[in-house]
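Each chain, letter by letter, is given below.
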Amino acid sequence: MHLAAGILAGAVVCGVPWRCWAAGTPAGTVIQNTASASYTMGGVTSLVTSKTALVTVDELINVSVAALDANPTPTINGVATLGFAVANNGNGSEAFTLSANPALAGNPFVGTVQTVAIDRNNDGMYQPGTDTPIASGGGSVVIPPDGIFHILVIVAAPSGATDGQTSQLQLSAAWATGTGSPGTLFKSKGNSGVDAVIGASGGQGAARAALMVNDANVALTKSATILDPKGGTTAVSGAIVTYTIVGQVSGTGTATGLTISDTFPANTTYIPGSVTLNGVALTDAADSDPGAATTNGISVALGNVKGGGPSQTVTFKVKLN
Amino acid sequence: MTYPKLCALAIVAGAAAMPAAAQAQAASPLVATSSVQLDKQRIVDGKIVHELIDIDKTREKVPGAHLVYTLTYRNAGAQPITHVVVTDPLPAAEMLSDDGFGDFLVSVDGGKTFAALSQLTVDDGKGGRRAAQAGDVTTLSWTIPVIAPGQSVTLSFHSVIR
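Sequence order for the protein chains is B and L.
Mapping to my numbering: the first sequence position 306 is 1683, numbers consecutive.
Mapping to my numbering: the second sequence position 110 is 389, numbers consecutive.
The reader is advised that the hints may include incorrect statements.
Simulated crosslink set (EDC-like; lysine to aspartate or glutamate; CA at most 16 Å straight-line) [what the hints assert, rightly or not]:
(1) L:LYS336 / L:ASP318
(2) L:LYS336 / L:ASP324
(3) B:LYS1694 / B:ASP1639
(4) B:LYS1566 / L:GLU339
(5) L:LYS391 / L:ASP403
(6) B:LYS1696 / B:ASP1605
(7) B:LYS1694 / B:ASP1605
(8) L:LYS319 / L:ASP335
(9) B:LYS1564 / L:GLU339
(10) L:LYS319 / L:GLU339
(11) L:LYS336 / B:ASP1572
(12) B:LYS1564 / L:ASP324
Note that these hints are calculated values from the structure, not bench results.
Let the hints inform the model, and build the full structure from the sequences given.
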C-alpha cells in the first residue's frame, strides 16, 4: 500500500514530533495527507488513492519577555546588570525590536542604560567579544522559532540616588515587521513568503526588572599604643608600638574584595607574627589565612564584607629602632 | 506489476507516443475525492461557532488551527463494491482533534493495529504503558461493508495543526 504522508519541509528528527515543536509546526511546512482505500468488486481486490490534500502552514507571531530575577539587582560601583529572557513563541524565525526604558512612573530615580546585549553564554554577565551588544533604542535581534535569548541590560544609577533606593526598568520586544491585535494578517510577511498572523501576544511583550542602589562605604580608623621597655608609654628606642586598624562597612551594599593594608613607618622594625584579625593571630606568609607581611608592610584580605556588619579589627606590632 | 511491461513497450515503440488507451489504466469504479477545510472557531454569546473555510481561501493555517478533512467514495460502476477499507495516516504535523472522533478506528503504532482509542495504550517513557490519547493517534481506518452502484459514502475527521 502506498501510504504517503508526512511533511516536506522543516522535518525534525525526533521520535515525538509534537514535543519537539513546542512553538508549533514550522511556518511554510506543507502538510500532506493522502487517504487510500482497498475494496473488493467481483471477487477482485483493488486499491484507490485519494488526491493528496496539501496544507501550507502559515506563520504565527508570538513573543514573550520575562525578567530573570524577581528580586532587585544590587548595583556594583553604581551599575547593575539586569537579565531578561526574550522567547520567540511563534513558528518562524523572526526579528524582534528591543527597547529598554528606565523612565517608569513611580521610579525614585531614572537610571541610564549603558548597554543592551545578547548574553550568548547565558552567564548573566556582559563580556565584550562573547556577548553581542545591540542598539538599546531600536536594535533588533533575530530569534529562531522556539528560541529563547537572554538579554542583558546594563544600567547605571544616577549619583543622586541614595542607598537602598529601587527603580524599575522595562524591556520591550516587538515583532520588527509590525504588531496588532490577535488575528491581524500580514500577507506574505512570514518565513518563505507564507502569510503571518499575529498571535495572542499581539506580536509584542514586555517585562520589568528592578535595580537597587547598593552603596557600600568603607571607613578605616587607625590608632597606636606604645609600650616602652620600662612599662611606660614613652616613644623611646626599643619601645613596641601596637597599631590597630578598625574597618567598618556601612550602607546596604557589599564591599567586594576588601583588603586592609598598611606600610611600616620609617625607623621601625616589624615584629614577626604579630598580625591579628579580630584577636586571632595570623601568619606572615601569603598562604591560606588572610594575613601576610612583607618587608614593607602588612595586609589582611577580608573578602566580601556586607554593609552593616560587625567591624573588622586588624593589629600589628613594630619596634622603634 | 505492469510498469516494467509498459517500459518495454515504450522502448519498442521508440520515441513514438503510446496510444492513450495503453497509458490509461482501467478507471476505478470507486471514485475517491477529498477536501480539507479550516474550522474557524469563535465564541459568540458563550457558544462556540464553527465556520468552515476553504483551505485555499484562509491564511490562518497556523499551529493550533482546526482542520476538517472530508473523504468521499462513490461507486461509479454497475456492481456493488464490498469491504471498502479506508486508511488515512495522519501527517506528523497534525494531531487528531479531541472532538474529531467518529465512526472510525485508530492506530497508535503506525497502522499495524487498529482499535477504539480507549482500548489502546502507548509507552509512557518510564518503562510502563499509559492510556493512548488523541495526540498519539498515527492512523485512522474506516470499514464500509458495501457501496451500491451510484451510492456515495462520506467520511470525515478533525485534526489540529501541531
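* Does the structure break any of the earlier hints, and which numbers would those be? -> 2, 5, 12
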